[in-house]
Amino acid sequence: MIQFNIEASSGIPIYRQVFEQVERMIVNGYLVEGTFLPSVRQVANTIDVNPMTISKAYGLLEERGYLTRLRGKGMMVAHQSEEKSKKEKMMILDKMIAELVSDAVQMGINKQELLTLIADKAEQLNLTDNINSQG
Amino acid sequence: MTIQISKLSKSYKNQQVLTELDWSIKQGDVIGLLGKNGAGKSTLINAILNINPADSGSVALLGEDNKVLTSETKARIGYVPQQNDEISWLTVKELILFKKQFYAHWNDKKVAQLLSRWQIDTNKKMSELSVGQGQRVLIILALAHEPDLMIFDEPAAALDPAGRRDFLKEIVNLAADENKTIIFSTHITTDLERVANKVAILHQGKICHFDDLDNVKENVVKVSVITDRASDIKIPHAINAHQDNHQVNGVVTQVDFLWKKELESQGHQVDITPMSLEDIFLELTV
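Chains as they are written, first to last, in the working numbering: chain G, 1 to 135; chain D, 136 to 421.
Hints listed in this document are in silico derivations from the structure and should not be mistaken for laboratory results. Check each hint, because a few of them may be wrong.
Unchecked claim - Listed next, with one range per pair, are the computed distances between beta-carbon atoms:
#: 1; chain 1: D; residue 1: 402; chain 2: G; residue 2: 24; range: 25 to 35 Å
#: 2; chain 1: D; residue 1: 150; chain 2: G; residue 2: 24; range: 47 to 57 Å
#: 3; chain 1: G; residue 1: 107; chain 2: D; residue 2: 364; range: 49 to 59 Å
#: 4; chain 1: D; residue 1: 190; chain 2: G; residue 2: 63; range: 47 to 57 Å
#: 5; chain 1: G; residue 1: 35; chain 2: D; residue 2: 244; range: 28 to 38 Å
#: 6; chain 1: G; residue 1: 5; chain 2: D; residue 2: 265; range: 32 to 42 Å
#: 7; chain 1: G; residue 1: 5; chain 2: D; residue 2: 350; range: 29 to 39 Å
#: 8; chain 1: D; residue 1: 296; chain 2: G; residue 2: 107; range: 30 to 40 Å
#: 9; chain 1: D; residue 1: 376; chain 2: G; residue 2: 98; range: 23 to 33 Å
#: 10; chain 1: D; residue 1: 203; chain 2: G; residue 2: 3; range: 44 to 54 Å
Only a predicted model underlies this, so the values are computations on that prediction, with no experimental measurement involved. Where is the CB? At the ideal position from N, CA and C, for every residue including glycine.
With the rest of the complex left out, here is chain G (with noise of 0.2 Å):
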């Protein structure tokens, strides 16, 4: 089963925040091609929420290309073309980093010191120049 983290007193809308986590796992490969999901009712139930409004972060999904909708059998994670993940990928880290970026202004750490760090997990981590290479 799928967890979900929802802090439901965020600004940000319960729906979106389901949308984000289940895009996470599917474009850095946790849900692969063909899982089936979770019903609207039961992430409602285990999670605590309106069932409208996993319907809508579902819906959302679909509309992205994410998940595919079987009749009676409910939704399906779906073929993910690989230019597009990686278009989602940087995407994604893109607003990772721009609240990364944003933490480190408020904490008056400036461009190179950042940088810098990031180079240094980079290496720790074996991150080589070449992302594909990674997998």
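Based on the hints, put chain D in the right spot on chain G.
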């Protein structure tokens, strides 16, 4: 429309509580009615149900004038008052049997389930129950005949955190059946964030804001512009804005993305920050 309210006014002595209030509610909506203490939430609910009639204006419930509801329509409505004023000398068991007589449809299984889940001793008199337990009995009574329209006045107020969660869960289950319309009033925003799909804010005698909870969160946001000419910047749709040397801050009811793009192209930094419902509520009712 499940509820159609038009020009509803009500005052007590010299105090105007509802002022020509208009409000339409569609079938299937789960609505959190937010208002500060004393905003008139109970007055509005009592006027909708004609328990304490309005001075003027009209209310249609499930297509009928609320002053002349047929018994069939009455049976489709469930209501939980803020205060327990049920017959206190009856035991819970007796009260349930008494109430059951008034309805053609009554779900005994659901009643039994909730009684056991909430550990209510049905041999106790209503007057012997704690406030929270009494509230739970009222909720059970309101759900037993499986109404199409349910109105709860501060339902969670007397419940402990576990009871609140349980009650909200019950609302979630009801909401799963998309034909049910649910309104519950509260002054605690966290009570409605998980279950309501719409939020209505009662302020100064009117419903000043009524929209999808998601829209409210996406549209009502903080906008700040970092700029060297703060005095020239006017944030569109701002409900309040203030500026200091190099920054203009404001809360908007809608983001003007064209305006944002234009400012950014001129080299200004425009930041948008989402707000919690609690902050939004406070901003909209200043």
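Hint check, failures only | 3, 7
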